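Number of protein chains: 2
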Amino acid sequence: MADIRVLEIKESVFADNDRQADALRKELKEKGVFLLNLMSSPGAGKTTTLVKTIETLKDSLRIGVMEADIDSDVDARTIAHTGVKSIQLHTGGMCHLDATMTGQGIRGLGVEDIDLAILENVGNLVCPAEFDTGAVKNVMILSVPEGHDKPLKYPLMFQVCDAVLINKTDVLPYFDFDMDLVKTYIHQRNPQAEIFPVSAKTGEGITAWTDWLYNQVKIWKEEK
Amino acid sequence: MADIRVLEIKESVFADNDRQADALRKELKEKGVFLLNLMSSPGAGKTTTLVKTIETLKDSLRIGVMEADIDSDVDARTIAHTGVKSIQLHTGGMCHLDATMTGQGIRGLGVEDIDLAILENVGNLVCPAEFDTGAVKNVMILSVPEGHDKPLKYPLMFQVCDAVLINKTDVLPYFDFDMDLVKTYIHQRNPQAEIFPVSAKTGEGITAWTDWLYNQVKIWKEEK
Numbered sequence: 001m002a003d004i005r006v007l008e009i010k011e012s013v014f015a016d017n018d019r020q021a022d023a024l025r026k027e028l029k030e031k032g033v034f035l036l037n038l039m040s041s042p043g044a045g046k047t048t049t050l051v052k053t054i055e056t057l058k059d060s061l062r063i064g065v066m067e068a069d070i071d072s073d074v075d076a077r078t079i080a081h082t083g084v085k086s087i088q089l090h091t092g093g094m095c096h097l098d099a100t101m102t103g104q105g106i107r108g109l110g111v112e113d114i115d116l117a118i119l120e121n122v123g124n125l126v127c128p129a130e131f132d133t134g135a136v137k138n139v140m141i142l143s144v145p146e147g148h149d150k151p152l153k154y155p156l157m158f159q160v161c162d163a164v165l166i167n168k169t170d171v172l173p174y175f176d177f178d179m180d181l182v183k184t185y186i187h188q189r190n191p192q193a194e195i196f197p198v199s200a201k202t203g204e205g206i207t208a209w210t211d212w213l214y215n216q217v218k219i220w221k222e223e224k
Numbered sequence: 001m002a003d004i005r006v007l008e009i010k011e012s013v014f015a016d017n018d019r020q021a022d023a024l025r026k027e028l029k030e031k032g033v034f035l036l037n038l039m040s041s042p043g044a045g046k047t048t049t050l051v052k053t054i055e056t057l058k059d060s061l062r063i064g065v066m067e068a069d070i071d072s073d074v075d076a077r078t079i080a081h082t083g084v085k086s087i088q089l090h091t092g093g094m095c096h097l098d099a100t101m102t103g104q105g106i107r108g109l110g111v112e113d114i115d116l117a118i119l120e121n122v123g124n125l126v127c128p129a130e131f132d133t134g135a136v137k138n139v140m141i142l143s144v145p146e147g148h149d150k151p152l153k154y155p156l157m158f159q160v161c162d163a164v165l166i167n168k169t170d171v172l173p174y175f176d177f178d179m180d181l182v183k184t185y186i187h188q189r190n191p192q193a194e195i196f197p198v199s200a201k202t203g204e205g206i207t208a209w210t211d212w213l214y215n216q217v218k219i220w221k222e223e224k
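Top to bottom, those sequences are chains H and E. With the first letter of the first sequence counted as 1, position 107 gets the number 107 in the working numbering; the numbers rise by one all the way through. With the first letter of the second sequence counted as 1, position 67 gets the number 67 in the working numbering; the numbers rise by one all the way through.
Okay, chain H solo, but in the shape it has when bound (with noise of 0.2 Å):
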């Protein structure tokens, strides 16, 4: 079993988190790094989808993963596995990162070897769509079990996200969930959202999303 390195962050007491966010996205830029936020519900399948993007990307980028969560190491285990460079970040009950927290993963993580830094969320569609962590890009996964009524009812975190991956479409068959219909919704809160249905238990769909995160790492590195 690999070794899970568990760091217990605290809240800024900076009540200037938007300049927090500048700062760290600043250094990180200077650094060559690229800060990735997903964020999702319980269960949406954060992680299994970062599993299946870390084996699509591995062998094309250096990746690290900060696991943000309550207080258990099960997804940092997971993520263990995959071989890449990774460390659990301890909330303490914190619902959300805020950018100092974040600061204080990245340089838990260690991120001098990094191309690209994936921040794993706490799961929560309200409260992390509040705080900037100072991420290059802010991602979300919705799933299909969840229904495609979401970005009605939590439309800040449709509006701060660049990206929506609709997740488990596996099991489109067995629901009610009207893929025409989110993509709607989803566009009349954000109408530059990038939308990528996927299954990251079968696999389908997960080439468009990580060409397109690919792509954005590589901007973002070669841009001055």
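Any given hint might turn out to be false.
[What the hints assert, rightly or not] Okay, derived cross-link-like pairs now, DSS-like style, lysine-lysine, Cα gap no bigger than 27 Å in a straight line: (1) K85/E x K58/E; (2) K85/H x K29/H; (3) K201/E x K137/E; (4) K201/H x K183/E; (5) K201/H x K201/E; (6) K201/E x K183/H; (7) K85/E x K26/E; (8) K29/H x K58/H; (9) K218/H x K85/H.
Everything labelled a hint here was simulated from the structure, so no lab data went into it. This one's a predicted model, so the numbers in the text were calculated from it and none came from an experiment.
Please build the complex by placing chain E on the supplied structure of chain H, with the hints as guidance.
Same frame as chain H, now just chain E:
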């Protein structure tokens, strides 16, 4: 289309939520009103379960529903069609309800003619677990697609709940969900938790849950 009453609610400025919660419970006891706090992730099936619960119990109990949502009224429209008294609570971005907010909801709903008041809390497994709303019983819904590991990852939610509904049992054949294991995990966190496997879609298991709820309301109204 039934009219939807919407109430914009504000978080308490008081730090003493527990005292407010006890005061609300005492007030409801005097009025003979049982308050149920219903929690889950987004998309676990709170509203569908609530509709089935209302259909089963509405001839034996006078029911009122408070639908808490960040800023939509999607679910309130569904509940309004059941014919029970209901009100939409807008939390203005807040990720949970505290006792003061719930008290505002109770007064907005009006409970003079109600035996069972149900609060459908914000879809979130983290923050609502931390705030006593003044409810007599806390109940959560975990859905099969979310996975059997959730009691490990969101322990406080499972600790504070008197009953856990395992919803969407109709899709058990399509998911790697271990019903025995989830029961073990839940009872590790909370040995007293009642567990009801249900399918709000097909109605399977609903009467075991509604019988339990009916008895809890009777006990609360009869106990002095």
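To see whether the hints hold, each was checked on the structure:
Our distance criterion of 27 Å between C-alpha atoms is met by K85/E and K58/E, whose separation comes to about 11 Å. Between K85/H and K29/H the alpha-carbon distance is near 20 Å, which keeps this suggested pair within the 27 Å criterion. Restraint check: the Cα-Cα separation between K201/E and K137/E comes to about 24 Å, which is no more than 27 Å; the hinted pair holds. For the proposed pair K201/H and K183/E, the alpha carbon gap of about 24 Å is at most 27 Å, so the pair holds.
Distance hint between K201/H and K201/E is fulfilled; the C-alpha atoms sit about 25 Å from each other, no more than 27 Å. For the hint linking K201/E to K183/H, the alpha-carbon distance of about 24 Å falls within 27 Å, and the restraint holds. Between K85/E and K26/E, the direct Cα distance comes to roughly 22 Å. Compliance with the 27 Å bound is thereby established for this hinted pair. Restraint check for K29/H and K58/H: the C-alpha separation of about 21 Å stays at or below 27 Å, so the hint holds.
The straight-line distance between the Cα atoms of K218/H and K85/H is roughly 20 Å, inside the 27 Å bound, and the hint therefore holds.
No hint from the list above goes unmet by this structure.
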